[in-house]
Amino acid sequence: MSMLIKQMPARVESLHELLTFIRTEAKKREFSENALNRIDLVVEEALVNVFVHGYAQDQGQVEVRCLISDDPSLMIEIRDKGVSFDPLSLADPDVEADISKRKIGGMGVFFIRKMADKVAYRREGDSNVLTMTFLNR
Amino acid sequence: MEIAVTNESDIAVFTIKGRLDAVSVPQLEERLNQWFEQPGKKLIFDLDGLEYISSAGLRVFLTTAKKMKARDGKLCMARLRDNVKDVFTISGFIALIPAFDNLGAAQNAVR
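Protein chains in written order, with numbering that gives the first Met the number 0: chain A, 0 to 136; chain B, 0 to 110.
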């Protein structure tokens with residue numbers, strides 16, 4: 000198994016370059032347009048979480064790892080050294096609430112759960128590590 | 000992302016093209032804030048050219064729906080692409096903002 004790594008400042012200006020990095024790898028593996036859209040969405044949501052919640056004060060870095068194996072799936076890791084935070088610990092939003100009761104937050108993590116084929120969080124030393132697996136479907 | 004705003008009688012149509020994500024959202028927010036400074040009550044999002052939307056984009060749609068409700072206005076969307084429609088369906092937002100297959104039906108709905 001090999002690994003491709005890209006590190007950038009943890010801020011919204013890095014988003015497009017990081018998404019392009021992953022999309023390029025997914026395309027090499029001939030993922031469908033539908034799968035590419037899912038990957039874009041899930042990775043954006045995970046990265047924006049790090050941009051917004053990851054670092055309380057000074058600007059830190061975010062690292063994206065693309066794990067390559069013979070397996071036809073694509074495994075992506077997002078790592079940051081910000082405050083310990085497990086996004087998967089958040090409760091799902093109430094998707095049936097009406098307009099007046101509907102809340103703004105929680106939707107990003109909900110998409111990660113719904114659209115990645117597998118997702119896991121771990122704290123590794125001083126790093127948050129979110130691992131997401133996508134099947135080509 | 001590109002936004003064009005057109006007015007036909009008292010109906011405003013926001014035509015949004017490209018990607019509505021965490022990077023481009025402030026641009027749409029700014030145009031909407033300008034629009035909300037005047038008392039319009041009929042608003043349509045024409046999404047034929049919208050290729051992608053994330054939760055950052057949905058947030059703006061929800062805020063807009065709340066503001067329109069507060070001023071007793073009418074809001075709807077037209078011509079959602081399949082992948083965009085999926086995002087609205089999974090999030091439940093499809094039940095909050097009426098969606099139509101063509102612009103004419105959307106105009107009739109807010110008229």
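If you're looking for bench data, these hints aren't it; they were derived computationally from the structure. One thing to keep in mind: the hints can contain errors.
As the list claims (entries may be wrong) - Here are the simulated distance ranges between beta carbons:
id, chain 1, residue 1, chain 2, residue 2, range
1, B, Arg80, A, Gln6, 52 to 62 Å
2, A, Asp93, B, Pro97, 44 to 54 Å
3, A, Gly105, B, Asn32, 39 to 49 Å
4, A, Glu32, B, Asp9, 50 to 60 Å
5, B, Arg70, A, Glu16, 22 to 32 Å
6, B, Asp81, A, Ala90, 21 to 31 Å
To be verified - Derived list of chain B stretches under chain A, where covered just means 3 residues or more per stretch with a C-beta under 8 Å from a C-beta of chain A:
id, region
7, 8-16
8, 51-57
Quick caveat: nothing in here was measured; it's all calculated off a predicted structure. Beta carbons are placed, not taken as given, at the ideal position from N, Cα and C, and that holds for glycine.
Status of the hints after comparison with the structure:
1. Between B/Arg80 and A/Gln6 the CB atoms are about 33 Å apart, so this pair departs from the stated range of 52 to 62 Å.
2. At roughly 20 Å, the beta carbons of A/Asp93 and B/Pro97 sit outside the given window of 44 to 54 Å.
3. Taking 39 to 49 Å as the suggested C-beta distance range, the pair A/Gly105 and B/Asn32 does not conform, at roughly 24 Å.
4. The hinted range of 50 to 60 Å is not satisfied by A/Glu32 and B/Asp9, whose Cβ atoms lie roughly 39 Å apart.
5. Distance hint check for B/Arg70 and A/Glu16: the Cβ-Cβ separation is about 40 Å, which falls outside the suggested range of 22 to 32 Å.
6. Take B/Asp81 and A/Ala90: their Cβ atoms lie about 29 Å apart, and the range 21 to 31 Å holds.
7. Evaluation of the coverage hint for the region 8-16 of chain B: breached, as 0 residues show C-beta separations to chain A shorter than 8 Å, against a requirement of three.
8. A count of 5 residues in the region 51-57 of chain B with a Cβ less than 8 Å from any Cβ of chain A is obtained; the coverage claim is therefore met, three being the minimum.
Of the hints listed earlier, those the structure fails to meet are numbers 1, 2, 3, 4, 5 and 7, in rising order.
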